[in-house]
Amino acid sequence: MARTLDRRPPPQAPPPRGLRKALLLVERAIKEPIWDCRMCGQCILHSTGLSCPMRCPKNLRNGPCGGVLQDGHCEVVPEMRCVWVQAWEGSRRLPLWRDHLRHIQGPTDWRLQETSSWENLLTGRDRRAPTGWTAGAPG
Amino acid sequence: MTAATARSGLHALLLEGEFVVTAELQTVDSADPSAVHELADLLRGKVDAVNCTDNSAARPHLASLAAAHLLTDRGVEPIMQLTCRDRNRLGLQADLLGAAALGVRNVVLMTGDDVSAGDHPEAKPIYDIDAIHLLRIARILRDEGRFLSGREVGVPPGFLIGAVENPFAPPLEFRPMRLGKKIEAGAEFVQTQICFDVDKLRLFMARCGELGLLDHVWILAGVFVARSARAARYLRDQVPGIDVPEEVIERMDSVPPDRQPDEGVRIALEVVDEVRRIPGISGIHLMSIRNETAIVRVVEEAGLLPRPTAVAAPVA
Numbered sequence: 001m002a003r004t005l006d007r008r009p010p011p012q013a014p015p016p017r018g019l020r021k022a023l024l025l026v027e028r029a030i031k032e033p034i035w036d037c038r039m040c041g042q043c044i045l046h047s048t049g050l051s052c053p054m055r056c057p058k059n060l061r062n063g064p065c066g067g068v069l070q071d072g073h074c075e076v077v078p079e080m081r082c083v084w085v086q087a088w089e090g091s092r093r094l095p096l097w098r099d100h101l102r103h104i105q106g107p108t109d110w111r112l113q114e115t116s117s118w119e120n121l122l123t124g125r126d127r128r129a130p131t132g133w134t135a136g137a138p139g
Numbered sequence: 140m141t142a143a144t145a146r147s148g149l150h151a152l153l154l155e156g157e158f159v160v161t162a163e164l165q166t167v168d169s170a171d172p173s174a175v176h177e178l179a180d181l182l183r184g185k186v187d188a189v190n191c192t193d194n195s196a197a198r199p200h201l202a203s204l205a206a207a208h209l210l211t212d213r214g215v216e217p218i219m220q221l222t223c224r225d226r227n228r229l230g231l232q233a234d235l236l237g238a239a240a241l242g243v244r245n246v247v248l249m250t251g252d253d254v255s256a257g258d259h260p261e262a263k264p265i266y267d268i269d270a271i272h273l274l275r276i277a278r279i280l281r282d283e284g285r286f287l288s289g290r291e292v293g294v295p296p297g298f299l300i301g302a303v304e305n306p307f308a309p310p311l312e313f314r315p316m317r318l319g320k321k322i323e324a325g326a327e328f329v330q331t332q333i334c335f336d337v338d339k340l341r342l343f344m345a346r347c348g349e350l351g352l353l354d355h356v357w358i359l360a361g362v363f364v365a366r367s368a369r370a371a372r373y374l375r376d377q378v379p380g381i382d383v384p385e386e387v388i389e390r391m392d393s394v395p396p397d398r399q400p401d402e403g404v405r406i407a408l409e410v411v412d413e414v415r416r417i418p419g420i421s422g423i424h425l426m427s428i429r430n431e432t433a434i435v436r437v438v439e440e441a442g443l444l445p446r447p448t449a450v451a452a453p454v455a
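Respectively, the protein sequence lines represent chains A and B. According to the numbering used here, the stretch in the first sequence is residues 1 to 139, in order. According to the numbering used here, the stretch in the second sequence is residues 140 to 455, in order.
With the rest of the complex left out, here is chain B (with noise of 0.2 Å):
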């Protein structure tokens, strides 16, 4: 496949070989659609894609189809997500058909923190099929043109058809060998989790390059911009599966309150530079809380800016 014939945007630039730039979008609780504009016009030409999550940290917000249509509207364009918790195999199909006829062109697709890491501990978590079905569905939705069961669709979805892993949880040894079966499953691109521990990743690169992974998907390294210790903090002890080093906190809590957003972009832009030299490293996915213009900062003092202008992509 071709630039010019790419599925979205993000996949002609990642085609062409271009170190490719995401970034995570607020959780929106509005039903105002301007909430969601305000925070694309602040991203629009900083960064090449846009992640709509899908109940982060197991919490209800604006829903993710929602928002990736409405990023559309301001030219920005989506990845959207979707989790195992919430939905059955027929929800998930339901909205990975509605969210292509909608013009979302990526999708990452995970099982999603558990309801009790959430607001609403007490409901029922469905996890139906686990994120390996969930990537192979997409697949067989778009590359057969079928739904699980069997049944045809008219049009099939044009999607490319995204994963995440995360590199720095354990079991460690099996993190590779459980991206090698999202590839086979259907995994296109992955983004990982957040990177502080760069030498874990280089380890996991490693292993993923033995095992003959990387020339088969492209690889975005999530990179966090901290505001202050206290967020870093709640990243630590509030967020699943996320590995802080202490040096990241003590860091942060050596300079003073006002200086500590310098410090977080510091850090990140740190990270960005190490994971920008890992072979088989296609781009970095950058997640804040409440932080955009850190956001685009880091883009911009990592000297990534302009952004590369995408091949148009037919519409799905």
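Next up, chain A with everything else stripped away, as it sits in the complex (with noise of 0.2 Å):
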């Protein structure tokens, strides 16, 4: 267990108060009206071609699911497109992070749901996965 525990970040404190209310409003006041971000506290957005995955109804970060309509539109909201079909296209047409959508993406921790992703990359709360799962990671 131990092995594995090492890996995850030194526990730190958290950013003062004001600091974490401010960044969670710039962060909503830029991100949701841009790309309809729906504040998942854990941003991959550079990963998934600009197309936030948390508008998937099924919550999808690792790619698309198979009811995908034929007219590239969701199964579930069939007024919207896909959003990995959105993914796919914008992911080519960004020169550094191409290849991201490639990656495979942790499961999602619903405790950083409405939390500041900025905040999270700062402290690297949003890298720490379960135990098991970097236990079980390739290479």
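The set of hints was computed from the structure by calculation and includes no laboratory data. Computed from a prediction, not measured in an experiment: that's the story for all the values here. Since no wrong hints were added, every one of them can be taken at face value.
Pulled from the structure, derived: some chain A residues nowhere near chain B, Cβ distances all over 12 Å:
1. PRO14
2. PRO15
3. LEU24
4. ARG28
5. HIS46
6. ASN120
7. LEU122
8. THR123
9. ARG125
10. ARG127
Here are a few chain B residues that face chain A, going by a calculated C-beta distance under 7 Å:
11. SER255
12. TYR266
13. ILE268
14. ASP269
15. ILE271
16. HIS272
17. PHE286
18. LEU287
19. SER288
20. ASN305
21. ALA308
22. PRO309
23. PRO310
24. PHE313
25. MET316
26. ALA324
Idealized CB from N, CA, C, for every residue including glycine.
Got two chains here, each in a separate frame; can you build the complex from them with the hints?
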């Protein structure tokens, strides 16, 4: 157990409350209008062609489900284009992060919902995967 | 790994390089085990393993775990399906462990149809984790002997881990890469969505070959046996993600209703004949809507009987 626990970032005091609130406000103000961000607190937008995966009604963070309609729209919300069709197209336009679509994204930490992903990035909180997940990771 | 140490009968056949045949068990809406036993008797010896669906089309049915267990009672090897729609990571891990304890040696893990496609559209869909997470978690459970939390299990499950993929739904270019992710996460075999458009499957397989995936996974092509033009239309209009070309509907419509079951078998046989010749296709997965006898007919008329006997695999 200790072997895998060591891979977690050291525990850190959370940033001051004022700073956290400010980060959350600014992040929401920018990301919601542009990307329809759902504030999951563990942002992977750059790895998904700038298409927010949390807009997917199935919360898929690793690619499209098998139910995408032939016209590329969502099976659950047929008036919406599939988030992952958009992610594929968007990723083709990204020079640096184009192949990040290939990366396996870990399970969602639902405790981070409605927190700032910027704060979680700074504290390393968004990279703290369950112990079994990191132990089983390839390579 | 050799056939003698295979995880399941299906695994042994795949390791031996046999062209395998699996079929989907009809959904059962009854607390009477004989409903499953009767279906098992129809399929025993005709296919290598039988999929037990998990609330297919987002409607509740007899649990896949129970159906899988009832199949083993009747000497039919089950493939238990598990979706992320109805359970969170706790429930999924509990069922994986429980299934292994009850003798299930093959699992197929998937996201699942949304509740909006079924008869309880007001239900809360779970989707705590996605299919790729579930594949990885099954692999951690089996190979590391741990839950996702890191906590150890006594005897880990020994099942063969499968996934699904839909080479016929957009974004088509993404599909091979997604299959690659599923293999990386832990999938050892894959059953595809129903194939009518064989050209699309050929393209998909060629791309998988370019990505170097075909040496790492067994791919079973999904084939549907339609009983009527109505069944083909139902697939096209009611089941999300299935590509039913207009020609298939026209062909079914072109014969009188009493001969439509024969036409459905003929179409399925043509698809089987074509997919068998695609490099990297290791078998077929037959599906129907309440049409087991037609499934058996397809296996028979495709010259796939008798089925080879698998070397008995040790109990998990």
